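> If you want the building blocks of each chain, they are given just below.
Number of protein chains: 2
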Amino acid sequence: MRPRTTTVLANKIIQGDVRAVARLIRRIDDGDPEVIPELRKLYLHAGRSHVIGFTGSPGVGKSTLVDRIVSRFRGDGKTVGIIAVDPTSPFSGGAILGDRIRMQRHFLDAGVFIRSMATRGSFGGLTRSTADAIVVLEAMGKDVVIVETVGVGQDEVDIAHSAHTTVLATVPGMGDDIQAIKAGLMEIGDLFVVNKADREGAAKTIRELRTMLEMSSERYAADGWMPPVLATQAANDEGIDELYQAILEHRRFLESGGGEKLWKRQQTRVYNQLVDLLKEHLLGRALQKIGDRPALAGIADRIVAGETDPYSACQELVERLLGEAKGDSQ
Amino acid sequence: MRPRTTTVLANKIIQGDVRAVARLIRRIDDGDPEVIPELRKLYLHAGRSHVIGFTGSPGVGKSTLVDRIVSRFRGDGKTVGIIAVDPTSPFSGGAILGDRIRMQRHFLDAGVFIRSMATRGSFGGLTRSTADAIVVLEAMGKDVVIVETVGVGQDEVDIAHSAHTTVLATVPGMGDDIQAIKAGLMEIGDLFVVNKADREGAAKTIRELRTMLEMSSERYAADGWMPPVLATQAANDEGIDELYQAILEHRRFLESGGGEKLWKRQQTRVYNQLVDLLKEHLLGRALQKIGDRPALAGIADRIVAGETDPYSACQELVERLLGEAKGDSQ
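Chains L and X are the protein sequences, given in the same order.
Residue 81 is where the first sequence starts when you use our numbering, and the numbers rise one by one after that.
Residue 81 is where the second sequence starts when you use our numbering, and the numbers rise one by one after that.
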C-alpha cells in the first residue's frame, strides 16, 4: 500500500462539487484504502453540521418522515445531506416505485444531497463507512446530515452513535417492535415518534413508550434530557412541525450550558469511530501480513480437517502479528 | 492476561451438565477471555450437530415456527439446543406472556436446552459470541442446534453464516420486508417460509419470492440447491411437516456427493468465525497495549479538540502496534 497524499477530491468536495462527493462516497463504500488522505483533509472541514439519525423497522413510514423533515429544513434555508443505510429505503434503490416518485422533488433540489450506503461486506465495515460518509457531507458544507437506518440490530445502535440527535420511529400496535426498542434501542433514542398515529392503538403505544422512558429516567436525570414521544401522520404532514421543533430543541439542548454536552456527544462519536477504524485497519493489516484471505481460508481448511481449532489458530496469529511470545504478559 | 488452561467446565459440558453449559454461555456473553481454553477443548467435541438458523422480522411468528419444528425433532428422538439472539423472542425474555407460556413445554423438556444471547456490547461481539455458544451446544451433544435471530441487519447475515441451513421467514403483504430480504438476506436463505399463509396476499408473496429466487438462479445452479418457498400457519400447525421435511432434505443435500458441499459449508462457517475472532482479539490486545479504553478516550478528546483526526490517529496506533514504519511496504 503506497502512502498516497493526493487530496484532489477533498479539495473539490470542500468547494461543494457534487460529483466529487459522489465519487469519494462510492470509493468509501468500495473499501478503497486510498480514501484516507482525502478523509484526513476533509475532517478539518467537518464538525459543523447537525447529524440526525432516523431509525425504525421497515413499514413505519420512516422515509416519509425524513422527507417531511427535509422539507422543513429546506424551508428554513438549511442545506441537507442524506445517507440511507436502509435496504428498504427509496434512497438506496430498494423500494417500490411510489416511494421513489414521492422523493423526486428532493432529488431535483440542489440543496439536498442523497446517497445510499450499500456496504454490507463480510468484514462489517458499514458503521465505519457511514461515519466516513458523514465526514464527507459535513465537509461539503451541509448544515444538516440525516442518516437513515432500518431495524434493531447492532449496526443501527452503532450508527446511532454517529449522530448528535437520534429519532426512533414506530407505529401503533407494533408490540414486538416496542419490545425490540426496549431491548436494543431505548438507550440511544433522543426523540420517539409514533407514526401513522391515526391507527388504532396509537394512544396506548405512546403511553407504553412514555412509561418505559420514565422507568429509565435516572439515565435522563443524569444528562437532563427527557426524550419526548411524539405522534405523527407523516403521509398527511401532521405532527411534523412538532417533530421538527423537537429536533431543533435537542440541538439547542446539546449546545446549552457552555457546550459541554455537545463536546461529550462529539467525544462519544469520535471514540466509536476510532474503535471501528482500529478494528478494520488492524484486521486489514493483519490479513496483509499473513498472506491475505487465501491464507486465512487455508487455516479454515485445517480447522475443518480437525488439525487445529479456531481459538488456537487465532491466538497463534495474534501472537505472530503483535510480536509477542505466548504468555509474555504473565 | 494469564494463560489459563482449566477446562473444568468443558469436561462437565461434554458429559451433558446443563448447569456448566449455562455458566459457560453466560461467561461467553460477558466477554470473559478465560473461556478460551474451555472452548478449545469443546471444539474437539463439536461439529456433529445440524446447525439451523431461523431469521425474519418481528411479528412473522418466528418463535412459533421454531417451537413447532423443535416438536418435530423431539418426536424423532433428536435432542435440540436453541440460541435466541432475538430481543423480541420469548426465549430471551423480551416477549409477551402468551409466547412465554406457549414455550413452557420445551422449557420442561430435558432434551431441549434454551439459552439467549444478550451481548450487544459496544465492540459488537454478537456474532462471535453466538458462534462460541453454538460450539458449546454442539459439544454438549445436541443433535440439532437452532439459532433464532431477528431482522435484516449485518448481524443476522453474519450469524446465518454460522448455520448449515438457514430458514428465512416472512408473512403475506410485507412488501417492505420482501424488499429487505431481497437487499440483504436473499443470498443466505436455504429455505423460505411465508407464515400466516391464511392471510390475504399469501399466494402473491409466495409468487414474488419464487420469482426473485429464479432471477438469481445462476447462484443456485452453481451449487445445485434451489431454495423452496413454503406456506405455513405455525399457530395452527399447518405446513410444518413440509417445512420439517425440507430442513432434513437440505441436510441430506449437504451430505450428498461425498460430503463436499458440507465441507464447503463448514469451511465458510469456520472462515467467518476466524475473522470475527481475529477482529475481536486484535482489538482487545491493541487496546491493552496502548493503555486500554481510557487511553483511547484521551485520543478521542484530542480529536474533538482539533489536535488530530481519527484517520491519522488510527494510522499511528496501527503502526505502533504492528511495529511498522510509515510506508515501509512501499
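Bear in mind the hints are in silico, worked out from the structure with no lab data behind them.
Please read all numbers here as calculations on a predicted model, not as lab measurements.
Please note that a few of the clues may not be correct.
Intra- or inter-copy, both count: the list cannot distinguish identical chains.
In silico EDC-like links for lysine to aspartate or glutamate, alpha-carbon gap of 16 Å or less [unchecked claim]: (1) 284 - 267; (2) 341 - 381; (3) 284 - 340; (4) 344 - 381; (5) 158 - 223; (6) 284 - 396.
> Which of the listed hints are broken here?
Checked against the structure, the hints that fail are numbers 1, 3 and 6, while the rest are satisfied.
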